[in-house]
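There are 2 protein chains.
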Amino acid sequence: MAEAINRVAIVGTGVIGAGWAARCLARGLDVAAFDPLPGAEAKLRNAIANAWTPLTQRGLAPGASQTRLTFATSLAECVGEADFVQESAPEREALKQDLLAEIDAASPPRAIIASSTSGLLPTVLAAKMRDAGRLVVGHPFNPVYLLPLVEIVAGEKTRAASVAAAKAFYKAIGMRPLVVRKEIEGFIADRLMEALWREALWLINDNVATTEEVDAAVVYGCGLRWSLMGTFLTFHLAGGDGGMRHMLHQFGPALKLPWTKLVAPELTEELIDKVADGCEDQAAGRGIAELERRRDAFLIELLALVQKYWPEAEGFAGRI
Amino acid sequence: MAEAINRVAIVGTGVIGAGWAARCLARGLDVAAFDPLPGAEAKLRNAIANAWTPLTQRGLAPGASQTRLTFATSLAECVGEADFVQESAPEREALKQDLLAEIDAASPPRAIIASSTSGLLPTVLAAKMRDAGRLVVGHPFNPVYLLPLVEIVAGEKTRAASVAAAKAFYKAIGMRPLVVRKEIEGFIADRLMEALWREALWLINDNVATTEEVDAAVVYGCGLRWSLMGTFLTFHLAGGDGGMRHMLHQFGPALKLPWTKLVAPELTEELIDKVADGCEDQAAGRGIAELERRRDAFLIELLALVQKYWPEAEGFAGRI
Numbered sequence: 001m002a003e004a005i006n007r008v009a010i011v012g013t014g015v016i017g018a019g020w021a022a023r024c025l026a027r028g029l030d031v032a033a034f035d036p037l038p039g040a041e042a043k044l045r046n047a048i049a050n051a052w053t054p055l056t057q058r059g060l061a062p063g064a065s066q067t068r069l070t071f072a073t074s075l076a077e078c079v080g081e082a083d084f085v086q087e088s089a090p091e092r093e094a095l096k097q098d099l100l101a102e103i104d105a106a107s108p109p110r111a112i113i114a115s116s117t118s119g120l121l122p123t124v125l126a127a128k129m130r131d132a133g134r135l136v137v138g139h140p141f142n143p144v145y146l147l148p149l150v151e152i153v154a155g156e157k158t159r160a161a162s163v164a165a166a167k168a169f170y171k172a173i174g175m176r177p178l179v180v181r182k183e184i185e186g187f188i189a190d191r192l193m194e195a196l197w198r199e200a201l202w203l204i205n206d207n208v209a210t211t212e213e214v215d216a217a218v219v220y221g222c223g224l225r226w227s228l229m230g231t232f233l234t235f236h237l238a239g240g241d242g243g244m245r246h247m248l249h250q251f252g253p254a255l256k257l258p259w260t261k262l263v264a265p266e267l268t269e270e271l272i273d274k275v276a277d278g279c280e281d282q283a284a285g286r287g288i289a290e291l292e293r294r295r296d297a298f299l300i301e302l303l304a305l306v307q308k309y310w311p312e313a314e315g316f317a318g319r320i
Numbered sequence: 321m322a323e324a325i326n327r328v329a330i331v332g333t334g335v336i337g338a339g340w341a342a343r344c345l346a347r348g349l350d351v352a353a354f355d356p357l358p359g360a361e362a363k364l365r366n367a368i369a370n371a372w373t374p375l376t377q378r379g380l381a382p383g384a385s386q387t388r389l390t391f392a393t394s395l396a397e398c399v400g401e402a403d404f405v406q407e408s409a410p411e412r413e414a415l416k417q418d419l420l421a422e423i424d425a426a427s428p429p430r431a432i433i434a435s436s437t438s439g440l441l442p443t444v445l446a447a448k449m450r451d452a453g454r455l456v457v458g459h460p461f462n463p464v465y466l467l468p469l470v471e472i473v474a475g476e477k478t479r480a481a482s483v484a485a486a487k488a489f490y491k492a493i494g495m496r497p498l499v500v501r502k503e504i505e506g507f508i509a510d511r512l513m514e515a516l517w518r519e520a521l522w523l524i525n526d527n528v529a530t531t532e533e534v535d536a537a538v539v540y541g542c543g544l545r546w547s548l549m550g551t552f553l554t555f556h557l558a559g560g561d562g563g564m565r566h567m568l569h570q571f572g573p574a575l576k577l578p579w580t581k582l583v584a585p586e587l588t589e590e591l592i593d594k595v596a597d598g599c600e601d602q603a604a605g606r607g608i609a610e611l612e613r614r615r616d617a618f619l620i621e622l623l624a625l626v627q628k629y630w631p632e633a634e635g636f637a638g639r640i
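Residue numbers (my numbering), protein chains in the order written: chain V, 1 to 320; chain Z, 321 to 640.
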């Protein structure tokens with residue numbers, strides 16, 4: 001945390017790695033990248049060029065340039081002088097364990113090493129590293145060059161200073177780091193996304209809906225709300241003046257119904273308190289009516305935005 | 321379908337019923353409402369007045385007026401001359417069964433009767449009705465006066481003409497009706513929302529995250545994407561040039577991992593085909609790069625919109 005991060009190494013340059021590279025370059029950093037796949041360099045440079053237009057609209061940092069990307073010819077060359085290494089290899093545990101051990105051996109001891117894994121545990125990923133204390137999970141969301149969320153997860157041996165350094169670095173490149181309190185598979189966002197994704201696959205599998213129908217249900221229903229408020233604050237407003245506490249009492253019994261293939265936790269008084277108190281804390285003194293006004297004004301602009309980019313006239317979603 | 325719908329009866333005037341009333345009034349319809357709760361009329365008129373500002377921004381139909389609301393003194397008076405009855409009573413099966421039977425007895429035989437239930441089966445809800453053929457589920461999303469999605473679900477005895485009439489009516493009041501192919505609990509959107517909601521409750525229950533952290537994970541990660549594309553088209557773009565088919569092969573093994581408390585369906589070749597073909601059909605000939613450009617341009621405007629309505633400066637979400 002004390003030292004500035006100027007040189008970033010990107011290991012693995014698929015969709016996620018390329019997104020990291022583009023985001024870092026746009027912030028004026030030097031980026032070294034490596035991927036053993038044939039043709040990887042051309043694909044990476046093309047992906048960065050495509051991302052550069054939206055990144056320019058968002059605003060580039062002084063000195064930002066695509067030319068500050070170096071495509072290394074070996075892993076050792078890629079990470080040899082890095083202040084921060086972001087690994088985005090395929091989601092296979094053994095492969096990542098070996099790769100992270102190699103990165104550990106080849107990079108400066110001061111460098112922070114982060115894995116983009118969507119849900120593997122950092123303690124497991126660090127198994128073969130000499131210094132597991134500098135590994136964190138830094139899980140981003142596609143497109144990495146635009147979406148702000150990054151989940152930071154520490155393993156058993158991760159040093160607090162490594163978490164702090166990763167958090168400071170991600171903030172510096174315009175992200176919203178969310179430090180996950182417990183080391184669990186899938187972290188937070190993927191626990192939620194996987195639940196929705198698996199349920200969506202059941203709907204297709206059981207011939208209840210087409211992919212287009214499922215997507216329409218998301219976009220025109222819950223998705224519009226979730227871009228401003230998450231699931232908790234959304235339901236806080238579904239409870240009327242009574243907020244989340246009323247909502248839990250009213251819809252709590254529905255948790256027992258077979259409305260998903262996922263079994264719900266027992267709705268104890270303790271859980272009700274945690275959820276309702278959390279929502280009131282988030283609202284920071286604002287009443288339901290004020291939150292509703294804010295949500296509605298947002299939704300009106302968002303509906304126009306969706307219409308602009310996903311217009312029926314162009315044949316998208318016109319069937320639903 | 322042949323007859324115009326001019327008089328709408330709203331039975332139950334909580335958050336959802338009031339939302340229906342506001343939407344119908346804004347479209348220039350006559351609305352009769354009924355709710356036996358003390359003080360219901362004043363609460364309803366207040367809720368409609370609050371919704372009128374955003375509805376005016378969206379554009380009122382000629383003749384639209386809050387004065388065209390009548391608050392009935394009995395259920396019979398409310399539904400006696402209705403062309404369309406929308407029931408939004410509490411989510412209790414027995415209560416709804418009795419209420420729908422009463423509505424059936426008191427309304428004109430030509431009227432369509434729709435229930436706002438979030439997931440109960442229309443065949444079960446119609447158990448005590450004389451004419452179950454005119455009952456459909458018409459499940460909306462809060463705020464009903466702004467969100468376009470409404471799921472239509474037919475029961476075993478529902479006539480095709482009732483589904484068609486409900487669909488035409490909902491379209492006429494500016495909604496996007498999604499006719500659900502099978503009668504299953506939770507329909508489509510709530511199957512998805514419940515899975516995410518239950519998983520979110522597990523995260524709170526197990527002290528993995530606070531409600532604010534879960535909401536931040538939704539808003540700054542998946543939620544931003546889901547307001548333009550649903551979960552399938554989103555993942556279609558996560559697969560790089562190979563699209564959904566490549567993505568399923570790459571992340572398919574993760575379906576076996578404990579990334580949620582929900583067990584996934586078996587990823588058979590048949591399921592892969594259904595999902596990948598569905599996405600290609602949705603894309604309507606557009607390549608991944610074109611979809612990415614459209615998504616990115618949308619996200620840039622959406623990020624600015626979220627910042628406008630949920631600014632850190634006002635103390636919201638500033639902790640994450």
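None of these hints come from the bench; they were simulated from the model. Honestly, I wouldn't trust all of these hints.
Said to hold, decoys possible - Derived EDC-like pairs: lysine to aspartate or glutamate, alpha-carbon spacing no greater than 20 Å straight-line:
1) Z:K487 / Z:E586
2) Z:K594 / V:E212
3) Z:K363 / V:E91
4) V:K43 / V:E102
5) Z:K628 / V:E91
6) Z:K502 / V:D206
7) V:K256 / Z:E505
8) Z:K628 / V:E269
9) Z:K576 / Z:E586
10) V:K308 / Z:E610
11) V:K308 / Z:E621
As the list claims (entries may be wrong) - What follows is a list of derived Cβ distance ranges for each label pair:
12) V:E270 / Z:K502: 45 to 51 Å
13) V:V179 / Z:T443: 19 to 25 Å
14) Z:N366 / V:V179: 40 to 46 Å
15) Z:E476 / V:V124: 34 to 40 Å
16) Z:A492 / V:V263: 55 to 61 Å
17) Z:A447 / V:V124: 37 to 43 Å
18) V:L60 / Z:E621: 27 to 33 Å
Claimed, not checked - Derived contacts from chain Z toward chain V, CB cut-off under 8 Å, selection only:
19) W372
20) T376
21) L380
22) F391
23) A492
24) I493
25) G494
26) L498
27) D535
28) L548
29) G550
30) G572
31) L575
32) L625
Note that beta-carbon positions come from the ideal geometry of N, C-alpha and C, so glycine has one too.
Status of each hint after checking the structure:
Among the hinted pairs, K487 (chain Z) with E586 (chain Z) is inconsistent with the structure: their alpha-carbon atoms are about 34 Å apart, more than 20 Å. Taking the CA atoms of K594 (chain Z) and E212 (chain V), the gap is near 11 Å; set against the 20 Å cutoff, the hint holds. Under the criterion of a C-alpha separation no larger than 20 Å, the hint pairing K363 (chain Z) with E91 (chain V) is inconsistent with the structure, at around 53 Å. Using a Cα cut-off of 20 Å, the hinted pair K43 (chain V) and E102 (chain V) is violated, with the two alpha carbons roughly 24 Å apart.
The suggested pairing of K628 (chain Z) with E91 (chain V) is violated, with an alpha-carbon distance near 36 Å, which exceeds 20 Å. A distance of roughly 10 Å separates the Cα atoms of K502 (chain Z) and D206 (chain V); the hinted pair therefore holds under the 20 Å criterion. A distance of roughly 12 Å separates the Cα atoms of K256 (chain V) and E505 (chain Z); the hinted pair therefore holds under the 20 Å criterion. Of the pairs offered as hints, the one joining K628 (chain Z) and E269 (chain V) is violated, with about 36 Å between alpha carbons and a cut-off of 20 Å exceeded.
Restraint check for K576 (chain Z) and E586 (chain Z): the C-alpha separation of about 9 Å stays at or below 20 Å, so the hint holds. Of the pairs offered as hints, the one joining K308 (chain V) and E610 (chain Z) holds, with about 15 Å between alpha carbons and a cut-off of 20 Å not exceeded. Our distance criterion of 20 Å between C-alpha atoms is met by K308 (chain V) and E621 (chain Z), whose separation comes to about 11 Å. Look at E270 (chain V) against K502 (chain Z): about 37 Å separates their beta carbons, and that is not inside 45 to 51 Å.
Between V179 (chain V) and T443 (chain Z) the beta carbons are some 48 Å apart, a value that contradicts the proposed interval 19 to 25 Å. Evaluation of the 40 to 46 Å hint for N366 (chain Z) and V179 (chain V) yields a pass: the beta carbon distance comes to about 42 Å. A hinted range of 34 to 40 Å is violated for the C-beta pair E476 (chain Z) and V124 (chain V), which are about 50 Å apart. Between A492 (chain Z) and V263 (chain V) the C-beta distance comes to about 40 Å, which lies outside the given range of 55 to 61 Å.
Checked against the given bound of 37 to 43 Å, the beta carbons of A447 (chain Z) and V124 (chain V), roughly 52 Å apart, lie outside it. The hinted window of 27 to 33 Å between L60 (chain V) and E621 (chain Z) is violated, with their beta carbons roughly 18 Å apart. Of the supplied interface hints, the one on W372 (chain Z) is violated, with its beta-carbon coming no nearer than about 11 Å to a beta-carbon of chain V, more than 8 Å. Checking T376 (chain Z) against chain V by beta carbon gives a least distance of about 10 Å; that is not within 8 Å, so the hint is violated.
About 13 Å separates the beta-carbon of L380 (chain Z) from the nearest beta-carbon of chain V, more than 8 Å, and the hint is not met. Taken as an interface hint, F391 (chain Z) does not check out: its beta carbon lies about 18 Å from the nearest beta carbon of chain V, beyond 8 Å. Violation of the interface hint for A492 (chain Z) is found here, the shortest Cβ-Cβ separation to chain V being roughly 16 Å, above the 8 Å cut-off. Look at I493 (chain Z): its Cβ only gets to about 14 Å from chain V, farther than 8 Å, so that hint breaks.
With a cut of 8 Å, the hint placing G494 (chain Z) at the interface with chain V is violated, because the nearest CB-to-CB distance is about 10 Å. The beta carbon of L498 (chain Z) is positioned within 8 Å of a beta carbon in chain V (closest approach about 6 Å), and the interface hint is therefore held. At about 3 Å, the closest approach between the beta carbon of D535 (chain Z) and any beta carbon in chain V falls short of 8 Å, and the interface hint on this residue holds. Because the beta carbon of L548 (chain Z) sits about 6 Å from the nearest beta carbon in chain V, less than 8 Å, this interface hint is met.
Using the Cβ-Cβ criterion of 8 Å, the hint placing G550 (chain Z) at the interface with chain V is satisfied: the shortest such distance is roughly 3 Å. Given the 8 Å rule on beta carbons, the hint for G572 (chain Z) is violated: about 10 Å separates it from the nearest Cβ of chain V. Annotation: L575 (chain Z) was flagged as interfacial toward chain V, and the flag holds, the nearest CB pair being 7 Å apart, inside 8 Å. Residue-level restraint check for L625 (chain Z) holds (minimum Cβ-Cβ distance to chain V is 6 Å; threshold 8 Å).
Checked against the numbered hints given earlier, the structure breaks hints 1, 3, 4, 5, 8, 12, 13, 15, 16, 17, 18, 19, 20, 21, 22, 23, 24, 25 and 30 and satisfies all the rest.
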